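Trainee: Given chain A's structure and the hints, the job is docking chain B onto it.
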Amino acid sequence: MNSAALVTMVLAQGIVIALTLYFFYKVLTTPPTQEPDSFSENDEETIRKND
Amino acid sequence: MTAKVESWGSRVGLILAMAGNAVGLGNFLRFPVQAVQNGGGAFIIPYLVCFLLMGIPLLFVEWSMGRFGGKSGHHSTPFILDSMDKRKFWKYIGVFGIFTNLAVAAYYCYLESWTLSWVWHSISRTFAGQSQEEVAGFFNSYVGLEMPVETIFFWILCLLLNTWILSKGLGGIEKVAKIGMPLLILFGVILAVRGVTLGTSGASDVFPNANAWDGLNFLWTPQFDSLANPKVWLAAAGQIFFTLSVGMGTIHCYAAYLKERDDVALNAVSAGFMNEFVEVVLGSLIVIPIAAGYLGLDWVIQNAGFGMAFQTMPYLFEQWGGVLAILAGVFWFGLLFFAGITSSLAMGTPWMGFMSDEFGWSKNKGAWSFGALALIMGLPTVIFYNQGVFDQYDYWAGTVSLVVFAFLETVLFSYIFGINRGWEEINKGADIKLPKFFKYVILIITPLLLGAVLVTSIPDWANQIQNNDTRNKEWFADNYFAENFEGSGKMSGKVVEVKSDYVKFEFENERKKFDKVSNQVLVEKFNDTKEYKFDANLNQEVIVKVGDVIKPGDAIAKGDFTNNTLYKFIGRMLLLTLFVFISVIVYVAYKKRVKEGRATL
Chain A
1 MNSAALVTMV LAQGIVIALT LYFFYKVLTT PPTQEPDSFS ENDEETIRKN D
Chain B
1001 MTAKVESWGS RVGLILAMAG NAVGLGNFLR FPVQAVQNGG GAFIIPYLVC FLLMGIPLLF
1061 VEWSMGRFGG KSGHHSTPFI LDSMDKRKFW KYIGVFGIFT NLAVAAYYCY LESWTLSWVW
1121 HSISRTFAGQ SQEEVAGFFN SYVGLEMPVE TIFFWILCLL LNTWILSKGL GGIEKVAKIG
1181 MPLLILFGVI LAVRGVTLGT SGASDVFPNA NAWDGLNFLW TPQFDSLANP KVWLAAAGQI
1241 FFTLSVGMGT IHCYAAYLKE RDDVALNAVS AGFMNEFVEV VLGSLIVIPI AAGYLGLDWV
1301 IQNAGFGMAF QTMPYLFEQW GGVLAILAGV FWFGLLFFAG ITSSLAMGTP WMGFMSDEFG
1361 WSKNKGAWSF GALALIMGLP TVIFYNQGVF DQYDYWAGTV SLVVFAFLET VLFSYIFGIN
1421 RGWEEINKGA DIKLPKFFKY VILIITPLLL GAVLVTSIPD WANQIQNNDT RNKEWFADNY
1481 FAENFEGSGK MSGKVVEVKS DYVKFEFENE RKKFDKVSNQ VLVEKFNDTK EYKFDANLNQ
1541 EVIVKVGDVI KPGDAIAKGD FTNNTLYKFI GRMLLLTLFV FISVIVYVAY KKRVKEGRAT
1601 L
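If you read the sequences in order, they're chains A and B. Once you know that position 26 of the first sequence is 26 in my numbering, the rest is easy, because the numbers rise by one and skip nothing. Once you know that position 582 of the second sequence is 1582 in my numbering, the rest is easy, because the numbers rise by one and skip nothing.
For reference, chain A alone in the conformation it holds in the complex (with noise of 0.2 Å):
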């Protein structure tokens, strides 16, 4: 490959990868919302609903 492509290859790869990461990293150390959330299969919150 040429300098120029693996340049431009590398840092926009590097970036996207990066920031994928990070986004993801900090989706799963964040702690969990204080219930009620959705995330839990254990909601047994029941709405009404007109016949």
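These aren't lab readings, by the way, just hints derived from the structure by calculation. All values reported here derive from a predicted model rather than from experimental measurement. Hints may contain errors.
[Unchecked claim] To spell it out: a stretch of chain A is covered by chain B in this simulated footprint if at least three of its residues, at any positions, have a beta carbon under 8 Å from a beta carbon of chain B; those stretches are:
(1) 6–13
(2) 16–30
[To be verified] Taking CB as the label site, the calculated pair distances span:
(3) N1539(B) to N2(A): 57 to 65 Å
(4) A18(A) to T1577(B): 42 to 50 Å
(5) I17(A) to N1229(B): 25 to 33 Å
All C-beta atoms, glycine included, are put in the ideal place defined by N, C-alpha and C.
Mentor: The following block gives chain B in isolation, referenced to the frame of chain A:
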């Protein structure tokens, strides 16, 4: 009646499902082709700028609109939009958010079924020993229904699979995303490593100059002069728009199952960047370098397109021989299958959510009715694929509808719902602090960029409706006219071979070549050919003779002709009928709400 509120099992599951919704075949096929056609490495600059100024803001808008609507028990766009303004017409704009998904699912499931079928053919070594033309011919036979049982079997299987998973609700979708996305990334990484390390080992007697690094050079060498070209910026905006699955209504629907204090800001950028990883990193390292590694860069420049996935890649994998060929085929088509099914599952949820919210339909009933609609709407795309019905669906539902809806929802969010309320919604419960810069981007830049994409595409709508892509505009005709020989329609063709039902033309055409010394794409002229085959059973007979010089639009055959314009018109009418059908259901739902005292505002 009481019903348990559906919810996502985990945050990671939601993000993978959202990323799976966005990641599709375009990540691996459309992005690299757009890049090579729009300035190579320089394309990444407008591409990333558009991601920042249009992609991420639209994700914020759609995630927060979905969560806002979900708070009032709305899980699809008609009543999500309705809840954001007192004017009654918004619910009919929201019809786009169900229509697009049903119409796209109708042809997308067919496309998805090809990937399943090609996995099977890779394992059974159908392509072993075949030339590239034979592999391409196999695809044409497949979609031409020359093996109808197999084609229909895989299509129905795919529809049933989607329907069955959808009938399990969000839990089923989440499980598929948790399995499918990691496998997709794993398969993609394996193929990308092969793409990067292939080098010149794929060169052959037929393509002695084949070199995978030429493909990467071509894809990534920046041609900075292209940055001054508005068309390149529009292409970048279009690619960002279509890759993120915005403007469909699926993001709203998934986000509607969040609660009021759940984060949307971090979730949206995480899912968005996961899509970018698959596109910019994996998408650029598979098709182009592997094809250039075996067929040479000039072949890639002349043939790069969507068809490479099914017509070229199996041939390339066969060059690896034996078990490696099987594995590569399974990885590639498996990857495309996971990319496809995580998207098609998302397309089922707006319809299911709407029917559940408004008419109390169960998941099972919603899923099977979605499957039935996809079957009915999809049947013409399967039977009349070669007549252009598939492409009509893709154009009107998969392209135009998205841009129109995204533009209107952005106007609603920024100017009617109000940017201050909107910004508050986006930041509610946010796990990251967003720069205020995005508030002004959503208010000004995003609608402007979307407006530009919308306005520049309007002339093409007119061309499509007026059938300006063909010289055979009548539905039924007694003569068949020569189509354009090349893009401009200015060149004439010389008849070089004639039978009563066959004619071959020769004409001067242009093709692109990559000059390794200057790193520039050059244009060269060459003698091209074009063939027409006619059907003697329909009294079709060629009326030109060897040596005749024919212009586009000149009659070349007589007989009974039914032109593709008829099938394209039927395709458009089917889509219109679907839109009206959903609008009527929304109207009935609204009347029901009024009667029950549940109508909003």
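Trainee: Each hint: holds or not?
Mentor: These are the hints, each one checked on the structure:
1. 6–13: Holds: 5 residues of the segment 6–13 of chain A have a Cβ under 8 Å from chain B.
2. 16–30: holds (count 10)
3. N1539(B) to N2(A): 57 to 65 Å: 59 Å, holds
4. A18(A) to T1577(B): 42 to 50 Å: Since A18(A) and T1577(B) have Cβ atoms about 48 Å apart, the given range 42 to 50 Å holds.
5. I17(A) to N1229(B): 25 to 33 Å: 28 Å, holds
Violated hints are absent here; each numbered hint is respected by the structure.
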